[in-house]
Amino acid sequence: MPAELAPEGAIQELTLANGLRVVYAPMPWLPTLSATLSLPFGSATDPIGQEGSANVVHEWLQRGAGVLGSRAYSDALLDLGVRRGGGSGREAASLSAAFLESVAAPALELLASSVTQPHFAAGEFEASRELAVQELESLQDAPTQRLFEALQEQVFASPQRRSSFGTSAGLRALTPESVREDAARRLGPEGAILGLAGGGEWAELEEAVTRAFGSWSGGSVPVPPAELAPVGRHHVNAESSQVQIGLAYPSPAPGTDDMYVYLVALEVLSGSMGARLFTEVREKRGLVYSVSAFYRAVRGRGYTLGYAGTTSERAAETLDVFLAELRRLAEGVTAAELERARTGLLASIVMAGESSGSTAGRLANDLVLFGRPRTLTEIASHIEGVTLQGVNDYLAANPIPEPTVVTLGPKA
Amino acid sequence: MKGATLRFDEVVLENGLVVIGENNPRAATTAMGYLVHTGSRDETAAVAGVSHFLEHMLFKGNEEFSADDINRTFDELGADYNAYTSEERTVYYGSVVANRAGALLDVLTQLLRPSLRQSDFDMEKKVILEEIAMYQDRPARRLFEHANERYWGSHPLGNSVLGSPKSITELQRDDMQAYFDRRYSPGNVILAVAGNYDWDAVVEQAKAHAGRWPAFEAHRDYPPAEPFAGREALTDATLHRLHAAYYAPGVAAEDPARFAAALLASIIGADDGSRLYWELVDKGLADNASLSHEAQEGAGSFVGYVSTAPERAAEVLEAFQAVVRGVQDSGVTADEWRRAQLRTATGLTLRAETPMGRFMSFGTSYQTLGRYRSVADMVDEVMNTPLEAGLALLEGRPFDRDYLVTLGPA
Chain A
1 MPAELAPEGA IQELTLANGL RVVYAPMPWL PTLSATLSLP FGSATDPIGQ
51 EGSANVVHEW LQRGAGVLGS RAYSDALLDL GVRRGGGSGR EAASLSAAFL
101 ESVAAPALEL LASSVTQPHF AAGEFEASRE LAVQELESLQ DAPTQRLFEA
151 LQEQVFASPQ RRSSFGTSAG LRALTPESVR EDAARRLGPE GAILGLAGGG
201 EWAELEEAVT RAFGSWSGGS VPVPPAELAP VGRHHVNAES SQVQIGLAYP
251 SPAPGTDDMY VYLVALEVLS GSMGARLFTE VREKRGLVYS VSAFYRAVRG
301 RGYTLGYAGT TSERAAETLD VFLAELRRLA EGVTAAELER ARTGLLASIV
351 MAGESSGSTA GRLANDLVLF GRPRTLTEIA SHIEGVTLQG VNDYLAANPI
401 PEPTVVTLGP KA
Chain B
1001 MKGATLRFDE VVLENGLVVI GENNPRAATT AMGYLVHTGS RDETAAVAGV
1051 SHFLEHMLFK GNEEFSADDI NRTFDELGAD YNAYTSEERT VYYGSVVANR
1101 AGALLDVLTQ LLRPSLRQSD FDMEKKVILE EIAMYQDRPA RRLFEHANER
1151 YWGSHPLGNS VLGSPKSITE LQRDDMQAYF DRRYSPGNVI LAVAGNYDWD
1201 AVVEQAKAHA GRWPAFEAHR DYPPAEPFAG REALTDATLH RLHAAYYAPG
1251 VAAEDPARFA AALLASIIGA DDGSRLYWEL VDKGLADNAS LSHEAQEGAG
1301 SFVGYVSTAP ERAAEVLEAF QAVVRGVQDS GVTADEWRRA QLRTATGLTL
1351 RAETPMGRFM SFGTSYQTLG RYRSVADMVD EVMNTPLEAG LALLEGRPFD
1401 RDYLVTLGPA
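Heads up: the sequence lines are chains A and B, in that order. Just so you know, we're using this note's numbering here: the first sequence kicks off at 1 and counts up by one. Just so you know, we're using this note's numbering here: the second sequence kicks off at 1001 and counts up by one.
Read the hints as simulated data drawn from the structure, not as lab findings. Beta carbons are placed, not taken as given, at the ideal position from N, Cα and C, and that holds for glycine. Hints are supplied without guarantee of correctness; some may be wrong.
Have a look at the derived ranges for each label pair, beta carbon to beta carbon [stated by the list, open to error]: (1) B:Pro1256 x A:Trp202: 25 to 35 Å; (2) B:Phe1216 x A:Val231: 55 to 65 Å; (3) A:Gln140 x B:Pro1025: 43 to 53 Å; (4) A:Val231 x B:Asp1271: 32 to 42 Å.
Below 25 Å or equal to it, Euclidean Cα-Cα: the simulated SDA-like pairs (lysine to any residue) are [what the hints assert, rightly or not]: (5) A:Lys411 x B:Glu1131; (6) B:Lys1283 x A:Lys284; (7) B:Lys1283 x A:Gly85; (8) B:Lys1283 x A:Glu126; (9) A:Lys284 x B:Arg1312; (10) B:Lys1126 x B:Gly1102; (11) B:Lys1207 x B:Gly1102; (12) B:Lys1283 x B:Arg1312; (13) B:Lys1283 x A:Leu136.
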């Protein structure tokens, strides 16, 4: 175990009779507690012709629960000082809440009620759908986000390619009945995960969680296995000052030993302002303000997304330099680069371990991707176990594949 | 340790540099940085954007440390580091696992003695121009660049942080050096450290390096603000949404009424559960409708934003203004006030979980107010601000003197 990691309290786990999995990382020095409820539905399992249904379920279910109407529900959370968050994605949606641990029981009760007893009141449907339509339209004025939507559409051959925003036609086709049916079909506890981190006593949390979520029932729809699409090059016309450049290529699956080796290599490529991409694209050539590459995973599949934004006349050179750096990884990394990459990753693990919100989110994500929570010590020992020979053998045997490239901007 | 009072450390070096710390011996990490009391409000029009450009240039190093050395050293420490520039200040900061705090302080201190080499200046100019181009593609950002300048008029808070393509293109290396020599006085700088550190070691290190920087006067102007009121419409046929920026007079950072102003803004325009949320977002009329309060030195403002469909603009903007102005007639309720207090207090407590969160908060607060405030102090200040303080602000009817500007396709 690395010397700098403080001793961790044992991670607690619980599976309720209805299938909900609960995981808690004690951070006994904190007066706060964060909760992330991961719900196993997203755009990948939207019914055909109703693209965007998951997004509307997610919005609608927050508008009134149990004995409380929409306004009263929101006020009840505010009365406890609860800070809310969450979102709707491709494979999963989430509801998150952060609060003082002294109000944990009533806060968890409220969080639970939006999935155990959602109102889905007819009067709240149209506004929920309209909000989703507006968010989709706002994407048109956000070129970087638009690029990432276009890029992910090219990454997957499976339904994970569908945008979590849905489509205009899909959203228009929704009715209160169709969305209620959809919610009955897949807003259930099977496959859902509650990640908790912060102050509190596990015995009390266990009781509060069991009481709050125990009555939850409902169906679930398995997410189809993710399949990656063949490599391609695509351009999306947009009137913008900069050309948005996106890249994507397959990477080791989450939870494999190769994943840790690859993450160290990726840190050498793009982990910091001293990393190769930043140095070659920005520092030496002044081509961009922003350039990066980062690992993403869905169940059973890992992939890497790359991004650079630059003005039209420099787009070709930017892409060339980016691709050259991807190819150069096959030649290996130096001992000094490896050491810096491991140090950077280990430090970021320690830092994330100080925040209840990032810890709760990580635990929930671990259960989704790895099927179990990882301790910080476990993650750290994997990173520390990556040797120079190991990473260079890996990179020589697994050169970065030719990426899919999507550009968005003025006509080339 | 839970809820324990953390130790506050403070020393003023002979050259005027202030070193402060908030010691938390159980933290695993240390966050620290230099807060320089200079920003776009301290610029003349001829060098618009120099504070921010200079911030980039500090990472290019000096005779001892090249740009590569700097980036590499930060990486060897596993530091999470960055910098930002606002109208009011330029902050260079980082966070490391606690046993590397000394080495982090070394490299941050090196940043503050830059060479500003011509070749680096020419290269980084391209990066700044790309950054400006990037923001051009973000309509809300572009709108606020315009709105901020229009609202504050000739007041220095109206100066653009980024500058314009023209001002950046024309800026010379020697202009930047002159600005540095005028603004980066040790008396204008605070070194703040939060988390797990050895105070004696910090002070010794600060004295040995930053303590030797030559002292000189660095002055900031505080002219009275004469904010603009009225309406404007900007068009850009390539846009799909109607974006609107809203300004009204607020209170200054040093004004005790700032807590009341922040709570009022939260009641009117927090992201969820606020009056604007219920009137516009909940109904699906706008995907964003918010208001916050920005307290800056000598002047403050309420700042709002709306994003909606162009065909609904008239209805939505009328509703926005009606909500905000209506609060002046009907006041706010005790329930709303208490909820805003709880929301704010919980937010402060959550941000205090990490040394980096504390660094960001206590350093800037000390720079503005000249005194230390613990998390408990800040929570108390919020919880002890009475509803009457909010109602008193509303009696001045700030939202009658508002400025609303739209950017959309027509």
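Do the hints match the structure? See the list:
1. B:Pro1256 x A:Trp202: 25 to 35 Å: violated (43 Å)
2. B:Phe1216 x A:Val231: 55 to 65 Å: Since Phe1216 (chain B) and Val231 (chain A) have Cβ atoms about 59 Å apart, the given range 55 to 65 Å holds.
3. A:Gln140 x B:Pro1025: 43 to 53 Å: holds (51 Å)
4. A:Val231 x B:Asp1271: 32 to 42 Å: Given a distance of about 40 Å, which is inside 32 to 42 Å, the answer is holds.
5. A:Lys411 x B:Glu1131: With a Cα-Cα distance of about 21 Å, the restraint between Lys411 (chain A) and Glu1131 (chain B) holds, given a limit of 25 Å.
6. B:Lys1283 x A:Lys284: violated (50 Å)
7. B:Lys1283 x A:Gly85: Holds: Lys1283 (chain B) and Gly85 (chain A) sit about 19 Å apart, inside 25 Å.
8. B:Lys1283 x A:Glu126: Cα-Cα ~8 Å, so holds.
9. A:Lys284 x B:Arg1312: violated (47 Å)
10. B:Lys1126 x B:Gly1102: Between Lys1126 (chain B) and Gly1102 (chain B) the Cα gap is close to 34 Å, so the pair fails against 25 Å, i.e. violated.
11. B:Lys1207 x B:Gly1102: holds (13 Å)
12. B:Lys1283 x B:Arg1312: Cα-Cα ~13 Å, so holds.
13. B:Lys1283 x A:Leu136: holds (16 Å)
In this structure, the hints that do not hold are numbers 1, 6, 9, 10, in rising order.
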